[in-house]
Every structure is written in structure tokens, then in C-alpha cells.
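2 protein chains.
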Amino acid sequence: MEFRLIERIRELTAQPRDDVRLGIGDDAAVLAVPSGQELAVAIDTLVDGVHFPRGTAPVDIGWKALAVNLSDLAAMGASPAWALLALTLPDADPVFVEGFAEGFARLAQPHRLALVGGDTTRGPLSISVAVHGFVPPGQALTRAGARVGDLVLVTGTLGDAAAGLHALQRPMREDDSRASLRDFLIARLNRPTPRLAAGTALRGQATACIDISDGLLADLGHICSASGVGAEIDAALLPRSSALLDLYDEASALHFALSGGDDYELCFTVPPQRLAEVQANLSRLGCGVTKIGRIVDGDSVRVRGTDNAWLATDHRGWEHFA
Amino acid sequence: MEFRLIERIRELTAQPRDDVRLGIGDDAAVLAVPSGQELAVAIDTLVDGVHFPRGTAPVDIGWKALAVNLSDLAAMGASPAWALLALTLPDADPVFVEGFAEGFARLAQPHRLALVGGDTTRGPLSISVAVHGFVPPGQALTRAGARVGDLVLVTGTLGDAAAGLHALQRPMREDDSRASLRDFLIARLNRPTPRLAAGTALRGQATACIDISDGLLADLGHICSASGVGAEIDAALLPRSSALLDLYDEASALHFALSGGDDYELCFTVPPQRLAEVQANLSRLGCGVTKIGRIVDGDSVRVRGTDNAWLATDHRGWEHFA
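Protein chains in written order, with numbering that gives the first Met the number 0: chain A, 0 to 321; chain B, 0 to 321.
Please keep in mind that the hints were generated in silico from the structure rather than gathered at the bench. One or more hints might be untrue.
Unchecked claim - Simulated restraints on C-beta separations:
no., chain 1, residue 1, chain 2, residue 2, range
1, A, P270, B, A186, 54 to 62 angstroms
2, A, R53, B, P15, 39 to 47 angstroms
3, B, Q168, A, E10, 37 to 45 angstroms
4, B, Q272, A, V94, 48 to 56 angstroms
5, B, L274, A, P109, 44 to 52 angstroms
6, B, R53, A, P52, 26 to 34 angstroms
7, B, G48, A, N307, 31 to 39 angstroms
8, B, G48, A, E10, 26 to 34 angstroms
9, A, G48, B, D296, 50 to 58 angstroms
10, B, D17, A, P15, 47 to 55 angstroms
Glycine residues also receive a C-beta, built at the ideal position from the N, C-alpha and C atoms.
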């Protein structure tokens with residue numbers, strides 16, 4: 000089982016990298032970090048029925064297992080290089096393996112990410128991926144650098160993945176004219192786009208950065224804790240997709256945008272004088288970016304409603320799926 | 000749950016490493032590979048009831064999860080540096096977490112291994128560990144360099160872990176005077192010793208190397224496949240512990256030594272003229288080392304019995320536990 004899956008992904012992603020001195024097939028891979036680069040490494044696990052709904056297509060699972068990890072590299076401003084894959088499967092189902100490999104490879108390929116090692120074991124379905132990326136010394140984006148007066152920005156739109164999960168769990172009428180909106184939201188849940196180009200563009204620009212996996216309130220809360228600051232967000236400024244706004248009422252859409260997880264957008268802070276440049280840089284990459292608030296003295300995240308009153312929220316927010 | 004476990008292991012292993020620029024607590028760790036070193040990386044997963052018997056003590060699970068990965072670094076001749084841990088647990092049981100952290104830390108500490116990242120998730124018990132070690136360029140030990148005429152050696156003794164599993168699965172009489180022998184074998188199963196010092200001592204000496212996780216026949220078979228050679232082993236030369244020989248008859252002891260997995264000893268090849276030096280070097284490290292056969296033309300592993308006839312074996316051997 001081991002070699003079929005790992006070899007299959009290698010076939011689908013075949014792209015020589017000079018820095019891979021010894022790839023899959025020995026006790027360990029041997030890798031050479033380019034001189035003048037530091038290594039960013041992260042590991043994340045997806046468990047069946049916990050991090051993705053049971054019945055999720057194998058191709059989506061393969062994509063998402065890599066995407067959530069690449070998103071961690073994006074949040075550090077690192078460029079992806081190598082991955083290790085540990086896949087636990089109840090049985091060696093060739094349909095699952097082929098679909099998983101295809102989804103994983105489809106995301107790996109354009110980023111020139113090499114799968115350099117793996118382990119396949121029998122057991123309840125779960126996937127751990129460890130990713131490795133490069134970042135110039137001292138330029139990694141951390142959670143700890145936000146300063147009072149910085150602006151808070153996010154890429155893309157918020158709340159789509161949580162709405163997608165909500166939609167997935169409700170039966171749909173066959174004649175539903177809004178099926179394509181629903182599909183868009185579900186695709187945002189199943190096929191998140193790690194914001195890698197945005198992450199590297201933010202090197203030297205953002206003072207703090209995180210990816211939104213647990214929801215905006217929770218993840219911006221992590222920036223605040225690590226930086227020793229507070230934040231104020233304007234609900235009216237939150238970027239939300241037309242699919243979200245068409246399918247859900249304002250209260251639900253706001254709830255998903257504030258507390259929904261799994262969007263894998265970046266939330267970051269910049270000094271006001273860099274706003275225009277950062278917006279121009281990210282827009283040039285085709286990545287939407289929106290100012291949603293600012294960093295203040297304090298230790299919590301507050302949200303100003305459209306009526307200018309503070310909303311009642313907490314850091315944990317909605318108990319999200321992932 | 001996440002931070003308690005990861006933080007607890009960090010507390011127990013606390014040892015500053017200059018090469019860890021940013022440790023646990025952000026989206027990724029940031030690491031600096033020392034100049035003039037390449038990186039060896041491996042990942043392995045342990046699943047409850049598959050790679051260790053259900054009911055194994057948490058402290059043993061923590062130790063073994065790291066040990067099987069460090070063993071991969073040993074087989075490459077790499078020195079351990081960093082690890083990532085992905086732990087999936089059915090519930091946040093503090094007794095399990097404390098035991099696991101203690102076992103993991105007890106093995107990490109003497110090797111100055113730093114835990115630099117992790118992920119804890121809820122689900123059926125399984126553990127993936129990714130390890131990173133250093134090796135000078137071009138000096139990694141692979142499976143591919145064995146040449147006809149080379150001698151085949153192993154560290155330590157073989158078959159103990161498989162016998163330990165066998166013993167564990169049989170009830171013991173309370174008055175069994177051989178309980179300490181049984182305990183020795185079970186400890187070899189639960190607390191394998193990765194042969195790290197031996198691995199680095201073999202740099203520039205061994206022509207091929209692998210760790211014995213699947214059993215001698217299977218793993219020496221991997222060296223033969225990768226090197227395009229065959230091997231002949233003498234059953235009479237196989238190093239076996241007195242515990243194994245006292246508790247099991249010759250046929251069982253031979254079976255465990257040839258086909259039992261989970262010993263995590265090294266199997267390697269050296270040219271005959273290096274034998275004396277390698278034996279002296281490893282003995283000086285307190286690591287037993289035994290010549291068990293030689294590399295020949297061919298593509299399979301054959302075992303000569305004590306009567307000089309070839310034993311009937313196959314590469315898969317006994318279906319081992321791991």
C-alpha cells in the first residue's frame with residue numbers, strides 16, 4: 000500500500016528539485032536548504048468526520064490536507080518546498096488513493112512542492128502533512144509584531160467555508176435555482192486556496208500575520224495575545240462573497256464571517272503608511288485585500304456593529320467544524 | 000488541549016538550540032540548518048492496536064512514537080535536531096497526556112532533540128512524528144550502496160520485540176520465575192533504542208544501511224533491491240538475547256530473529272577490510288555488532304541453516320505486528 004500511494008503522488012507531481020538530494024524510497028529524505036534561507040516547518044492533521052465531513056470526496060481530502068498546511072507557510076511568508084505525508088486508511092481502496100493523490104498533486108504541482116517522504120498505515124482515516132518552506136533570515140511573519148495604530152487587513156472573503164458546511168448539512172431541493180451559489184460555498188470549504196503569493200508579498204510589510212483556520216475572532220485574538228494588544232473590527236467592513244450574502248441573512252452571514260473557521264485567508268496588520276502599497280501589491284497578485292479594523296491598546300478583539308454599538312462576542316466564537 | 004500537551008513536552012525537554020529561530024506557538028517554526036549540513040527528514044505514524052497493542056502504557060507510546068522515527072535518522076547516519084508531533088486522541092485525558100509527554104521527553108532529552116511544532120486533534124488514537132536531523136553533504140547512508148563481497152552486519156540482538164509481543168499476548172502464571180526475561184522482551188518491544196551513535200559512526204564506513212522495522216529478511220531485502228544484489232545469511236550467526244533463547248525454542252527464536260519486526264536495530268554492509276575498524280568503533284560506543292552474512296550476486300536473501308542447507312523463507316516473512 001505504502002509505495003503505491005506515495006509513488007502515485009510522485010508520478011503526478013514529478014518535478015525535479017535540485018535541493019532534494021535523496022527523495023522517496025529510503026529511510027529518510029536528504030534535503031539541502033539553499034544558503035541564505037531559513038526553514039519554516041508546520042504539521043497539521045485532518046481527521047475524518049472532525050476536520051472534513053464524512054463522505055467528502057477523496058480528491059477534496061487530498062487537496063485540503065495539503066492546503067491547510069500550505070496556509071501555515073503562507074502565514075509565515077514562506078515559499079513552499081517539500082512535504083511529508085502520513086496517511087492512515089481503513090483499507091487500501093484504490094479509488095480513494097487515486098482521488099487523494101490527484102487532489103494532493105493538483106495543489107502541489109503549481110507550487111513546485113515535492114513530496115519527499117511518507118508513511119501509509121492501516122487504521123481510521125486521518126491524514127497528517129508536514130510542510131517545509133523557505134524564508135530569508137529574519138523575514139518570517141509572526142503573530143507577535145502588531146503595534147497600536149496598525150491597521151488590520153484580511154485577504155479574500157470571510158465566512159464562506161462555514162456557510163458551505165452549513166449548506167452541506169442541509170438537504171437541497173432539486174429545483175433549487177441557487178445551487179451554484181451553494182456549490183461555490185462548499186468548494187470554499189473543500190478546496191481552500193492557501194494565500195502563498197500574498198504571504199511572500201507581505202514580507203517586510205506586515206507587522207503580524209496569521210491564517211484564518213479557527214475563525215477571524217479567534218485568530219485575530221491569537222495575534223492580539225502574541226503581540227500584547229487589542230483590536231477593533233468594523234462589521235460593516237468585513238469582506239463577504241455575494242454567494243454568502245445571497246444565501247444567508249445578514250445575522251448569519253456576519254456570524255459566519257466573524258466566527259466561522261476553515262477560510263484559510265490571511266489576517267495581518269500593517270502600519271497605516273504602508274496600506275496603499277500593500278493593497279496595490281496584493282491586488283496585482285489577484286488577491287483581494289480589505290481593511291477591517293485597527294490595533295488598539297487592550298487585550299481583546301471588539302466588533303463594532305453597523306449601529307456603532309459593540310457586538311457581544313467572545314474569542315472562541317462559534318464552535319467551528321475543524 | 001493542543002497547548003497543554005505540546006507545552007508540557009516542551010517543559011520536559013527544555014533545552015535551548017541556537018538553530019531554532021522561532022519555536023512552538025506560531026503558524027510554523029523557523030529553523031536554521033547549520034551551514035555545511037544537509038537535512039534528513041522522515042515521518043512515521045503509530046496507530047493504536049496496529050503499531051502497538053491496545054492498552055500500551057502512555058509513557059511507552061510517547062517513547063516509541065519518537066524512537067521509530069529517530070531510528071530512521073540513525074539508519075541514514077544523521078544526528079537528530081528537531082521534531083514535529085501530530086497527536087490524535089479520543090479525549091483530552093490528562094493522565095495519557097502526561098505519560099505520553101514523559102515518554103517522548105525522556106528519549107528526546109539526551110539527544111538534544113527540540114520539539115518545534117505540533118498539532119493535537121480529536122479522533123481515534125494515532126501519532127505521527129516527523130523528525131529532522133543533520134548529515135554532512137554526501138555522507139548519508141542509503142540502502143543502495145551494497146556491493147558483492149561486502150559483509151552484512153547487525154547491531155544488538157534480533158527477535159526480541161517480536162518475542163515480547165508474543166509474550167504479551169499470552170497470560171502468565173503469577174509464580175512464573177521467568178517474569179524478568181519476559182519483561183526484558185516486552186521492554187524491547189515498547190522501548191526500542193534507536194541506534195543513533197552507531198549510525199553516525201558508520202558514516203563513510205557502511206556501504207548501505209537500514210533499520211530493522213519490518214524484520215531482518217524484509218529489511219535486508221530492501222537493501223538488496225535498492226543495491227541490485229543478493230545476500231546470504233548464516234542462521235548460526237544471528238545475535239539473539241539470552242532472554243529470547245531461554246524463553247523460546249530454537250525454531251521460534253530463529254523465526255523471530257529472521258522475520259520479527261520492531262527491533263529497530265541497524266542492518267548494514269561494509270567491505271571486508273573495514274570489518275575490524277567498524278566493530279571496534281561500535282563496540283567503543285557500547286553497541287554490540289555482529290557479522291551475519293555477506294552480499295552476493297543475485298536478487299534475494301537466503302538463509303543457511305546450521306546443517307548448511309538453505310532455509311525456506313520469503314521476503315515478507317512472518318506477518319509482523321507493526
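Okay, the hints, checked on the actual structure:
| no. | hint | result |
| --- | --- | --- |
| 1 | P270/A / A186/B: 54 to 62 angstroms | holds, 58 angstroms |
| 2 | R53/A / P15/B: 39 to 47 angstroms | holds, 44 angstroms |
| 3 | Q168/B / E10/A: 37 to 45 angstroms | holds, 40 angstroms |
| 4 | Q272/B / V94/A: 48 to 56 angstroms | holds, 53 angstroms |
| 5 | L274/B / P109/A: 44 to 52 angstroms | holds, 51 angstroms |
| 6 | R53/B / P52/A: 26 to 34 angstroms | holds, 28 angstroms |
| 7 | G48/B / N307/A: 31 to 39 angstroms | violated, 57 angstroms |
| 8 | G48/B / E10/A: 26 to 34 angstroms | holds, 32 angstroms |
| 9 | G48/A / D296/B: 50 to 58 angstroms | holds, 52 angstroms |
| 10 | D17/B / P15/A: 47 to 55 angstroms | violated, 33 angstroms |
In the structure shown, a violation is registered for the earlier hints numbered 7 and 10, in ascending order.
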